[in-house]
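With the hints as constraints, model all of the structure from the sequences given.
As a plain string of letters, each chain reads:
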Amino acid sequence: MSIATKANAIWQYANPKKFLATTERVLPFFWISAAICLAVGLVWGFFFTPDDFRQGSTVKIIYLHVPSALMAINCWLMMLVTSLVWLVRRHHVSALAARAAAPIGVVMTLIALITGAIWGQPMWGTWWAWDPRLTSFLILFLFYLGYIALWEAIEDPDTAADLTSVLCLVGSVFAILSRYAVNFWNQGLHQGASVMRAGAVTGTDTTEKVSNVFFYPLFLCIIGFVLLFIALVLYRTGTEIRARRIRALLARERAGA
Amino acid sequence: MMPDLGKYTEAVLSSYALSLLLLGLLVVLSLWRGRKVRSEMEQTELRISRDG
Amino acid sequence: MIALLLRDLKLAMRAGGGFGLGLVFFLIVTTLVPFAVGPQSDLLASIAPGVLWLGALLACLLSLDRLLALDWEDGTLDLLATAPLPLEAVVSVKALAHWITTGLPLVLAAPVFGVLLNLPAPGFFWLVASLAVGTPALSVVGTFGAALTVGLKRGGLLLSLLVLPLYVPTLIFGAEVARRGAQGMETGTPLLMLAGITLATIALLPFASAAVLRVNLR
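Chains as they are written, first to last, in UniProt numbering: chain A, 1 to 257; chain B, 1 to 52; chain C, 1 to 218.
No lab work stands behind these hints, which were simulated from the structure alone.
Please note: incorrect hints may appear among the correct ones.
Said to hold, decoys possible - Straight-line C-alpha distance at most 25 Å; calculated SDA-like pairs for lysine to any residue:
1. Lys36/B with Ala160/A
2. Lys10/C with Arg66/C
3. Lys36/B with Leu20/A
4. Lys18/A with Val173/A
5. Lys36/B with Arg179/A
6. Lys153/C with Leu250/A
What follows is the structure in structure tokens.
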């Protein structure tokens, strides 16, 4: 296969019919593997990992906190990419995928915030601190809410897709700006991102590393969250495509009658 | 069976419970709306193909 | 362009609302704060820079929903869109008019309200400086929000929901300048950051606002 046809291969899913047919086939795989990964990862993490010598059993919260926080950010990134694709290539599926992803992002952000608060209470002695990471997530949460509210407020789907896409682009820039502003504003309690740093994973960085005992189930949970996210996005995008089709059918019917 | 969570039992259990509840809610609501929209679409398609 | 600016200013003056309302709102917020937190002057002095910034921000927000709505309703925007002037320039002028009618009075009035809140003496200069540098960004970002929601019947609340998160960086750096200034600390870094944000929004955001407005006018 030449590069050109390969590059074309992904765009064929911009056809709603093709998208629905394909997702119908692959969805069961994603649902089941997400369920397996999450079940194994969470059970492993909850029942079969030792307590941390400093944090005690609260370390088990990591299996929910870290994956949900990762997905909260990745979900926004995915919306950013699909918004760009919509603005440049005008594929409806792309805009609808961004719409379908937003509520998932809200839930992920909420889980990260809630588990963070519950974890912070015994560790830092407070449910909430205006720590840069916590604050950034709260701001991300607000961005998600505004984005969804704008989608809901506009009647015409194409106008809504355009406006939300631009909001997503502008919002991304301001979200990054806010992240730096917040960092400047307050140095925090939260430890650095210890999971994804290479040194932490290979164990060369011993000060804050997440040891292998915790890492394997955590890795499984992250994969589980990713798979669950993909399954939900594909499924919800299908729903949005069908809702759009209903609208179109009704509009055509009214125009004909 | 149940691991000893020490003095943090409440924190760990409540965070698991809340997170799973939220995830479950998200999945159930997505599936519920998906089903509804799907059947609605099929009915609309059927009605339109019958009428016209 | 200048004609458009003059027209907007004249309308704002004549309508009576735009010019004074934001200022009065700012005054009321400043008056309510001591009722809420108590009259201790040292406490007021320490929170004054933040309160004044927040008041200015809310006063800016208050007048945003009329920014484009009037021209939208009577069809002026459609005319402006077909005029030889690019829409990017139109929204920039709109933002400028909004700043002159709302932001500038706030900047000028802030020292007076600073007295009410017992702002420490070195803080006055930095408060005015930070507001002067920061409020243009509030107007430009607000214009973007107004352009997004202009076609909606009840856009007011949604507008605040969309615009407030975008105000976060400006508020953080602006209030930081005022706070550090009031405590006699070094203010260079946050002031530069604030100026950077303002310049970047003025340079880039009108394109987004114009794009959004075109979609809404379609």
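Could you tell me which of the numbered hints above are not met by this structure, giving the numbers in increasing order?
Numbers 4 and 5 - these are the hints that the structure violates, sorted from lowest upward.
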